[in-house]
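J.: Which chain is which? The protein sequence lines are V and U, in order. According to our numbering, the first sequence holds residues 8 to 375 in order. According to our numbering, the second sequence holds residues 52 to 141 in order.
Honestly, I wouldn't trust all of these hints.
Residues on chain V that point at chain U, a partial pick, calculated with CB under 10 Å [to be verified]: (1) 9; (2) 148; (3) 156; (4) 228; (5) 256; (6) 285.
Simulated from the structure, these hints should not be mistaken for laboratory data. Backbone N, C-alpha and C define an ideal beta-carbon position, used for all residues, glycine too.
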Amino acid sequence: MKYLSEYRDPELVKQYLEQIHHITTKPWKLMEICGGQTHSLVKNGIIDMLPKEITMVHGPGCPVCVTAVSIIDEAVYLAQQANVIICSFGDMLRVPGSHKNLLEAKAEGADVRILYSPLEAVQLAKENPDKEIVFFAVGFETTAPANALSIVQAHKSGIKNYSILASHVLVPPAMEALLSDEENQIDAFLAAGHVCTIMGMEEYFPIAEKYQTPIVITGFEPVDLLQGILMAVQQLENGEYKVENQYTRYVQREGNRLAKQTMNEVFEVSDRMWRGIGNIPQSGYEVNEHYKQYNSRIKFSLNLPVAEENKECISGDIMKGLKKPFQCPNFGKACKPEHPLGAPMVSSEGACAAYYHYASVQQPEEAL
Amino acid sequence: MCLAIPGKLISITAELDETFRQGKVSFGGITKEVNLSMIPEAKLGDYVLVHVGVAIGIVDEEEAQQTFEYLKQMGEVDEITHSEKIISNQ
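Take the sequences, apply the hints, and build the full model.
T.: So, in C-alpha cells, the structure goes:
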C-alpha cells in the first residue's frame, strides 16, 4: 500500500542500520514513547540489529496498558447496570480490573460491544433510544479528537442517551514525570508520530530544553523508526538536545488546528492515575462542565473506591524503562496473554505482549 | 492504539455543513466510510491518515520523499565536513 510499503524497504533499512552503526561510539538509552512503535521495533527485529551500545526501552504510550485498575472497575460497574450497553476498542475487554474484566462481565450477561470508532457508538445510541450507551474512551492525544467529535455529534443531533467514560492520557506530562524521576536513565526520546499529527511540536521544545534531552518525532514503519533512531543518536553523539521531526509527511509544527479545537471544546485537562506509575498531575482529559451530561461519571454518579494495583506486575518499572519484560519473574509463566497479570501483556502494543509474541528478541544472559 | 493508516479519498458521501463531511477512503482496495471534519481541505485523490474512523491528516507528498533522501543528504554533509577537514589540515 502506498505510503506504507516503501517505508518497509529492506535495502533502505540496511542503509540506515549501517549509518547508525557508523556514527555510534558511546552507550545510549533511547525510549520510544508509543506502544505502536514498540510493537513495530520488536516485530521487525530492529532491536537485535542495532549496535550493542544502543538500548531501546519501551515507554508508557500504550493507553490500554496505562489505564488504572480503578477505571476498569468503573467500566465493569457500568456494564453491570441494567439498560446499559458499554462499547470500547477490543483490547480493553481483557484488561484485568480488581475483581473481573469486561469480558467476564459480558460472559455474565452484560452487553459489552467492541467498536472500531466512537462515532459508531453515537449511531448505536440513535438506534437504541431506550438504552444508555457508554463509550469507554481510552487513548492518547491521537484518539481524543474522535472521542470529542462523538460528543459534539451526539449534542448536535439531540442524542441524550450517550456518554463516555474518559480514560484519556497525555504524552508530555508523562515524559516529564519520567525525566524528573531520580532513577531516570533515558538519554533521548522518540516521540509518538500520530500524537504529534494532532498536537504538533510546540509542547516538546521546553521539555528538550529543560532536561537537555533530544526528542525526535518519529513514525511507525521500520525505515521511519531507524531514521528517528539515527537522528536521536546523531544529536547525542554531537552533545545536542533539539526537537526534530522525522515524520514530516504527517506532522506539521502547529498540528491539526481543527482537531485541537474539537478537543478543547469538549475536554478539560485533569489529573490522571496511570497504571504502574501513579497519579500524574494534569496528565489526562475529562469531559468539561459544558458537556457534563455526556460524562458517564456524572451521569451514573460513579464513586467507587480506589482499587489497588496488582503488586505482582512490574509494569511501572517496564514503562519507566528500568526493566525489560523478560526481567519479570512472571513473564511467560504466571503472566501470559491468555491470563495476564497486568495490562502490558494484554494489548498487542504492550511491551510484554510484543516480547511474548515475537520471542526472537535476544534475552541477555544476565537477565535469565 | 494510536494506529493510523493512510488511504486514498475516493468520494465524498455526505456534506452537512462547511466542516462536516464524510467520504469513502480506499485502503489498498478495501473501502471504509471516514469522517472528514478535521481535514476540510482534503480533495479527492488525496491520501489521508485515518484513525478510529476519523481522518486526522493529509499526506504531504513532498515530505514523504524526505525519508528516502535523508541518508543521501547526510552523506553529502559528511563529504563536505570531511573535505573541509582536509582543507583545514592542509
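J.: For each hint, tell me whether it holds in the structure or not.
T.: For each hint, the structure was consulted:
1. Given the 10 Å rule on beta carbons, the hint for residue 9(V) holds: about 7 Å separates it from the nearest Cβ of chain U.
2. The beta carbon of residue 148(V) is positioned within 10 Å of a beta carbon in chain U (closest approach about 9 Å), and the interface hint is therefore held.
3. The criterion of a C-beta within 10 Å of any C-beta in chain U is met by residue 156(V), whose closest approach is roughly 6 Å, and the hint holds.
4. Evaluation of the residue 228(V) hint against chain U yields a held restraint, the C-beta minimum of about 9 Å falling below 10 Å.
5. The beta carbon of residue 256(V) comes within 4 Å of a beta carbon in chain U, closer than 10 Å, and the hint placing it at the interface holds.
6. A cut of 10 Å between beta carbons decides the hint on residue 285(V): the least distance to chain U is about 21 Å, and the hint is violated.
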